[in-house]
Amino acid sequence: MSDVSAGAAATAKPSKRTYRGSQRPTWCAGCGDYSVLAALDKALISYGRPEEEITVVSGIGCSSRFPFFMNTYGFHSVHGRALAVATGLKLARPDITVIATGGDGDALAIGGNHFFHAMRRNVDLTYILMDNQIYGMTKGQAAPTSELGMKTKSTPYGTFEPPVDPIWAALTMGATFVAQTASHDPNHMTEMFLLGLQHRGMSFINCLSPCVTFNAGMDREYFKAHSRPLPENYDPTDYEAALKLVLQARRESFFPLGVIHVRHEPTLAERIGEIREIALKKSAHRTSVEEIIRQFL
Amino acid sequence: MSDVSAGAAATAKPSKRTYRGSQRPTWCAGCGDYSVLAALDKALISYGRPEEEITVVSGIGCSSRFPFFMNTYGFHSVHGRALAVATGLKLARPDITVIATGGDGDALAIGGNHFFHAMRRNVDLTYILMDNQIYGMTKGQAAPTSELGMKTKSTPYGTFEPPVDPIWAALTMGATFVAQTASHDPNHMTEMFLLGLQHRGMSFINCLSPCVTFNAGMDREYFKAHSRPLPENYDPTDYEAALKLVLQARRESFFPLGVIHVRHEPTLAERIGEIREIALKKSAHRTSVEEIIRQFL
Amino acid sequence: MSDSQQSLTIRFEGDSGDGIISMGKLFSRVAARLGYQVYTFSTFLAVVRGGQVTFQARVSNAPLLSQGNEPDILVALNRQAVADNAPKVPNGALIIHPPFGGTCEEIPRHARTLEVDFKEIAEGEAGTARSKNIAATGVLLGLLNLDLETAEKSVDELFASKGADVAEANRNALRGGYEEGQKHRQLLDDRFFPPADTTARLLLSGNEAVALGALTAGVRFFAGYPITPASEIMEWLAGQLPKVGGLMIQAEDEIASLAMCIGAAYGGVKSMTATSGPGLSLMIELLGLAGMAELPVVVVDVQRAGPSTGMPTKEAQGDLVLAAYGSHGEIPRVVIAPQTVADCFTQTIKAVNIAHKFQIPVIVLSSQSLSHRMQTIEPPDFEKLEIFEEKFWNPETGPHPFKRYPETEDGMPVPRAIPGIPQGMYRCGGLEHNEFGDPDFAPAMRSRMVARRLKRMEAIAKAFRGTTFKYDSGAETHLGLMSWGATAPVALETIRELESEGLKFRALLPHVLWPMPTVAIRSFLASGIRTLFIPELNATAQFAEMLRAHFTKELLENNIEVVSITKDDGLPFSPAEIRAGVFEYLNQRHQEVSK
Amino acid sequence: MSDSQQSLTIRFEGDSGDGIISMGKLFSRVAARLGYQVYTFSTFLAVVRGGQVTFQARVSNAPLLSQGNEPDILVALNRQAVADNAPKVPNGALIIHPPFGGTCEEIPRHARTLEVDFKEIAEGEAGTARSKNIAATGVLLGLLNLDLETAEKSVDELFASKGADVAEANRNALRGGYEEGQKHRQLLDDRFFPPADTTARLLLSGNEAVALGALTAGVRFFAGYPITPASEIMEWLAGQLPKVGGLMIQAEDEIASLAMCIGAAYGGVKSMTATSGPGLSLMIELLGLAGMAELPVVVVDVQRAGPSTGMPTKEAQGDLVLAAYGSHGEIPRVVIAPQTVADCFTQTIKAVNIAHKFQIPVIVLSSQSLSHRMQTIEPPDFEKLEIFEEKFWNPETGPHPFKRYPETEDGMPVPRAIPGIPQGMYRCGGLEHNEFGDPDFAPAMRSRMVARRLKRMEAIAKAFRGTTFKYDSGAETHLGLMSWGATAPVALETIRELESEGLKFRALLPHVLWPMPTVAIRSFLASGIRTLFIPELNATAQFAEMLRAHFTKELLENNIEVVSITKDDGLPFSPAEIRAGVFEYLNQRHQEVSK
Ligand SMILES: Cc1ncc(C[n+]2csc(CCOP(=O)(O)OP(=O)(O)O)c2C)c(N)n1
Ligand SMILES: Cc1ncc(C[n+]2csc(CCOP(=O)(O)OP(=O)(O)O)c2C)c(N)n1
Ligand code: SF4
Ligand code: SF4
Ligand SMILES: [Mg+2]
Ligand SMILES: [Mg+2]
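Chains as they are written, first to last, in numbering that gives the first Met the number 0: chain Z, 0 to 296; chain U, 0 to 296; chain E, 0 to 594; chain B, 0 to 594.
So that you can see chain Z by itself, here it is in the shape it has in the complex (with noise of 0.2 angstroms):
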């Protein structure tokens, strides 16, 4: 909103370690989200904002703790709620960049619902999920995208429920951008992020980010050794030819690293845009409270 005076912007280019925090992170030695934070920090660099102009909200998770590491504005909201938080103050503060973070379970279970909503709105933030296929901060119980037939502290015996594939939700549900990267390739990381960080809409940027304590099957090699990058000829604007790709990458067990999917959509805000011209035109100008409250006289 307009109103809410947002301080006049630092100009000074940012510098190496501008987005980074003054804490140190908290995960295990060898945790994945190490890089999408280093990645991430990069990515801004280019990106160039400066940092009073970025929040970065999250839910809760380890890759939840993200904002605590950052040099900019942040919120650790609870449990599932990342991109509902984030929503608002996006609508709110258009001119603010807002940057999501969280992990499978908090954008996939509990935060399933505002991740479905997010996507078909389109609202213009950038959420970058650490997908390590497990709940870490709990302690290794399974994850809705951990494959079925895992064993984690909560299946014994092996999951019995298919898994969710976090580009293909994402793809389906209505997202204008849609990539996959990876921990174990930085630069390919901070290219992605920085994609969409420049896309405008939501854009959705999965990180396979192994846990290295909990799901320790799903390491860094495992990724490697299983991702692929794009056919040479990939066209991300074709849509059909997305989804065929990513049914493919799961019938043959790969993940494929790149930017899937790209179009070119109004955004929420944009649409609430064109909405506001409705509303003042039938108004005529723009209209005051008092101006309002005598049509109830």
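Because the hints were derived from the structure by calculation, they are not lab data.
Be careful, since some hints might not be right.
[As the list claims (entries may be wrong)] Dumping the calculated DSSO-like pairs for lysine-lysine here, alpha-carbon to alpha-carbon at most 27 angstroms: (1) 280(Z) - 150(U); (2) 552(E) - 503(B); (3) 138(Z) - 242(B); (4) 150(Z) - 161(B); (5) 161(B) - 281(U); (6) 280(U) - 242(B); (7) 138(Z) - 281(U); (8) 152(E) - 281(Z); (9) 243(Z) - 243(U); (10) 280(U) - 150(Z); (11) 281(U) - 150(Z); (12) 280(U) - 152(B); (13) 161(E) - 138(U); (14) 242(B) - 150(Z); (15) 138(Z) - 161(B); (16) 552(B) - 552(E); (17) 503(E) - 552(B); (18) 138(U) - 281(Z); (19) 280(Z) - 161(E); (20) 281(Z) - 150(U); (21) 281(U) - 152(B); (22) 150(U) - 161(E); (23) 138(U) - 242(E); (24) 242(E) - 281(Z); (25) 281(U) - 242(B); (26) 150(U) - 242(E).
Please build the complex by placing chains U, E and B with the ligands on the supplied structure of chain Z, with the hints as guidance.
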């Protein structure tokens, strides 16, 4: 759970009106839900299970009043939770036929997360969604299915969120039976319901069922004019073809009627059955609580 | 009612297709414009589908406290309406009704009647029987000799969206009815009274008043989810917010509604959501987050009869303990309950002010009867309205480094930073934290932060001192009364009535229920009362329970017996019911004493 | 502690990678098998990543009420462990530590030490330094001369899943350490005491005991969502339920968890979920549904420090008011709080029984310290355990027609029908309804149904009469104490200690907190006490507040002052802290009196 004695099943063949409750529906005259009710009654007569072995679970909404109008067990739960309640019931009592009913708001707004997860779990339920593209019960606000730009009580200048297509959602989230039908075609509805009831796994049936009071624009005639039967050579077992069809329908603004997709996959209960086998194998035979306790000695 | 106050209660009743609500609203609007005080009540049906609909309008020359009892005038649009009301109408009541083809046995002897063929007038004047409700309203206006021009203008507005033709047809129907009514003016000459002045007043429902209050207070972000009886708040704001640069978004559920508001609040934009009991229950986790993160957000709960889905269209005051205690762990928060439609406006403004002044969540407890009732309120004086505008932390003036959650002597929060302000970057959330907002679980820090949040509650209580509404007949008395929300004015009307019969009361009717207004309650409890009546619309006497928990000592010291008068049938209290509750106790006591 | 009771407190501390928890568990398991009573406490870290880890085990020859104070024996695996504990260990404490290369200044004069190279033993005996924790445990067992064979068996079990090689290596490490320990037996000869008997006891954590209680009570459906500190309940049941034909499903969130349980409950299967504060907050709407639909379901809330995310690994008793009042509108429900690990087992069984007997939701309020603490409990006697099995409505014996919600004289529910039972078909849900379950909003019906639900609460309260735990020194005294949950045994230990110093108390430590045990509380309040201490782990004195609200009259009549002793720093009470609270008040009073 087999421990529960389910009473002796009545064996008499159900006659006409068997599944109709004694309460008269309280819907507006002309509401599409009347014919949905009649069609379900017919489908159940063909299906032939005694009424006490059937439970209808719903959320809140005009369409969610369903259980009260049927002579079966019924659970009119709370808004959005029909599928979660139905999942619990079905897992605990696999011997019961569980039908879930509700509106588009109930299913896809507040209930979206349970929808998402019930579809992927492939619970053996039949879910009948009465899609009127509006909130009927609360008198006319936008539903997640309302067309972009549609004026409703809550969107006086038109909605600004792209709608959800229920069959697309069910299809991409993992339902193993997806059909669409319309209340203007009672025979087709009956057929779809019967197929859904017979399918093992999550059967999702979207019924175009007009709200004559709060969405007068989308009446019987509108739905009729915009519906199309499936192409002659359509193969519902071809998943990619189904995706294509639904995308085409959205592009060309028509409603495909018929079985959009069907495939066979183990149900949640079947997968849990396998887990139980493993668990029993581990303890060599069915354990008693006493034996389990001994491990703490 | 004071001695010089006069009032007239008119009931409109007919089939759900008859346009009863439009009649009632039209009449009320005209009366309000002419300077009358108006107070309405309408019953909504449980299910969408038809049946009888009732709308009652009470007009007066002085402010009204309740919807009154049985009608002085019944405008019946069908026979059922006569049958429904006949046994109850007072002596000399006037029943206006259409011809029923033959005599109507239902009409009681003690009532007067006027038969008018509304349909014929409508068909003749407007060319369609559908305008018969407007014709009937015209008859009533004519009978009362209220200004025709004002009425015509109101009809025009009512049908503006339907096109000029429809408006004209209805204007004609109105005029036809009006002429007919004028012919029978003598029927009501004895009941007629002029308004006290000719100030045009705002005619608003409780929900409209809440929405208007929010807009006035500066709310520019509203996220909500439809639910009876709160939906009109979001519907109205959906139309108005875009005009002032704000927006209303219908969220996927109540959890998302509050989460979005919290996001907007973090961004520095005044935000609000509105719901009813089921929605409040769903918001409890996020309410805790707002409390822990100290973010200003207003949640309006238009109470309806619970538990669970309960009776969505019925009245209750059953959510108080949830509003006051709902959250795992302990958060600072404020609960405010408006008592009248005018309160819905002013208390909502207060709620927004408090939320931002104290940086906490505020719950406004309205209720079904209040939400749909229309009542006249004085046009607000924008010069005098206090609207609190937060001053955010300023990097130039500091203090540096920016501390989001410092301990302060008075328990007040410091100006916060919001995204966009350089050097103010901080992280907020639900974890226990230190002054900067960073997670900190050290036992000593934890204890300090808990104390800091509780101290806020004291600061809030202090800020309200002297604002609690007291009613004092001036006489010595042992009888006291406390009440809240929509029940409070009915209780006040009751004790005023009882006063004329010699029973004197002292009353305290707080708007702010949490934190409890300690100083006011203490002095009230020490004012000599021995019996304290507390009428409220729930089964477990929630307010009385909170009072006993927090003022045990004072009740003990002053030897006060708390007498709860509760009701849980889904309908608001009438003065007669509160009166009955008072006498039941007094008679019982009398018997005990005489034994 | 009684005179003949002896106890020994051992603390294990080291780096998070040192396997401290395994050491503690191994030692505790061995002691429990040999007949000792064991009570443990371990601190979990706020974040996943490393730091110091502590595990404390207290062993005794009689039942224990608290974790004790500072350790008699410290088994330190690194230097930090010595530094952390040195200033606090009591006179004559024994510190067992590895060589630090040079003298270790941190070791206090008043302690005795034993230096053992655990690593060397492990490398020598097991071929890997990783077994150093087992070697160290061996040293301790050898010092205490506890049975080696029992210890070897325990090691085998501990490493069973890791393969025979690993188990053997660790057995060797254990034996190596044991031999070393035996050499120094004289160091502990003076502290050694045999167990009271050699009954092997169950060694369980609170979470395990809850899970075991559920299984024993017949719970066969569990839906849950992970959350600290409750996750172990679902994890354990995930492994065990399939073995008895039940199942545990991890739901998409807490709302779905409870919804699934409610579905299963409607189907007639005993069902349960477990969560912590944030989850309970999310379940509030569905809790209301269970109350309105009268479905038996058990919700375990393992409380942690709130509000909001708060401090997930820390102790608190801050969810009581939410458990008792959380719901819009008013539902019947029961809140039970176990006090010990043994209670976690028996009270969970009771909760399941109550839920089914009274057809209502029951909330079990555990807490973090209880959940992760391990304690010995007597092996349950399955013959004597009362397990309530619902009898469902029988179409052959009727009554006909089947009424799901009839009014009964005693407020008790009637047998219900479940899907599959012919002629029992009914509809349930959250709307207000008549006896058959069909929606009915008629004011009179509504009032009857509200009264019917409240009457259930009376029936429940009646059923518990005479079961509330009372402690009475027998002597005349003005001092009373009430407490609940994990604080209660600590409070009991405190007053027993004070008793030996001449301060006598009467105490009431209820397990059932809602409905409040009226009869027991009334007679307790009338027993002559004038000062009532209520220690609890929250900031607003939640239990005390509920007590004041519901027993205002009794407190007044007996002239009792309620003195809350609260603490909110995330740690359990120690007896010393409660003692301090008591004396603070008494000294203050004394000063006032002498002024
Ligand atoms: C309402 C609620 N339910 C449960 C939890 C407990 N919880 C914290 S994080 C988490 C899941 C973490 O998994 P994920 O989102 O995948 O993040 P990761 O730790 O793997 O990065 C859960 C269940 C909570 N904090 N709040
Ligand atoms: C928690 C909660 N939020 C909101 C409501 C109010 N409510 C009742 S029905 C409904 C939506 C009805 O729309 P839909 O599901 O499409 O059903 P329809 O009436 O159109 O058949 C809403 C929002 C409620 N009962 N509970
Ligand atoms: S538990 Fe897993 S996800 Fe969490 S910090 Fe450790 S490695 Fe990372
Ligand atoms: S409001 Fe609409 S959906 Fe509801 S009963 Fe009427 S026509 Fe049907
Ligand atoms: Mg994860
Ligand atoms: Mg609908």
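Consistency of the hints with the structure:
1. 280(Z) - 150(U): Holds, at about 16 angstroms.
2. 552(E) - 503(B): 26 angstroms, holds
3. 138(Z) - 242(B): 24 angstroms, holds
4. 150(Z) - 161(B): Answer holds: residue 150(Z) to residue 161(B) is near 16 angstroms, not above 27 angstroms.
5. 161(B) - 281(U): 16 angstroms, holds
6. 280(U) - 242(B): 9 angstroms, holds
7. 138(Z) - 281(U): It holds: about 24 angstroms lies between the C-alpha atoms, which stays within 27 angstroms.
8. 152(E) - 281(Z): 21 angstroms, holds
9. 243(Z) - 243(U): Between residue 243(Z) and residue 243(U) the Cα gap is close to 11 angstroms, so the pair holds against 27 angstroms.
10. 280(U) - 150(Z): Measuring from Cα to Cα gives roughly 16 angstroms; hence the hint holds.
11. 281(U) - 150(Z): 15 angstroms, holds
12. 280(U) - 152(B): Answer holds: residue 280(U) to residue 152(B) is near 24 angstroms, not above 27 angstroms.
13. 161(E) - 138(U): Distance ~20 angstroms between residue 161(E) and residue 138(U) Cα, so the pair holds.
14. 242(B) - 150(Z): 17 angstroms, holds
15. 138(Z) - 161(B): 19 angstroms, holds
16. 552(B) - 552(E): 11 angstroms, holds
17. 503(E) - 552(B): Cα-Cα ~26 angstroms, so holds.
18. 138(U) - 281(Z): 24 angstroms, holds
19. 280(Z) - 161(E): 19 angstroms, holds
20. 281(Z) - 150(U): This hinted pair holds, its Cα atoms lying about 15 angstroms apart.
21. 281(U) - 152(B): Within the cut-off at roughly 21 angstroms; holds.
22. 150(U) - 161(E): Distance ~16 angstroms between residue 150(U) and residue 161(E) Cα, so the pair holds.
23. 138(U) - 242(E): Holds - the C-alpha atoms of residue 242(E) and residue 138(U) are around 24 angstroms apart, at most 27 angstroms.
24. 242(E) - 281(Z): 9 angstroms, holds
25. 281(U) - 242(B): With Cα atoms ~9 angstroms apart, residue 281(U) and residue 242(B) stay inside 27 angstroms; holds.
26. 150(U) - 242(E): 17 angstroms, holds
Checked against the numbered hints given earlier, this structure breaks none of them.
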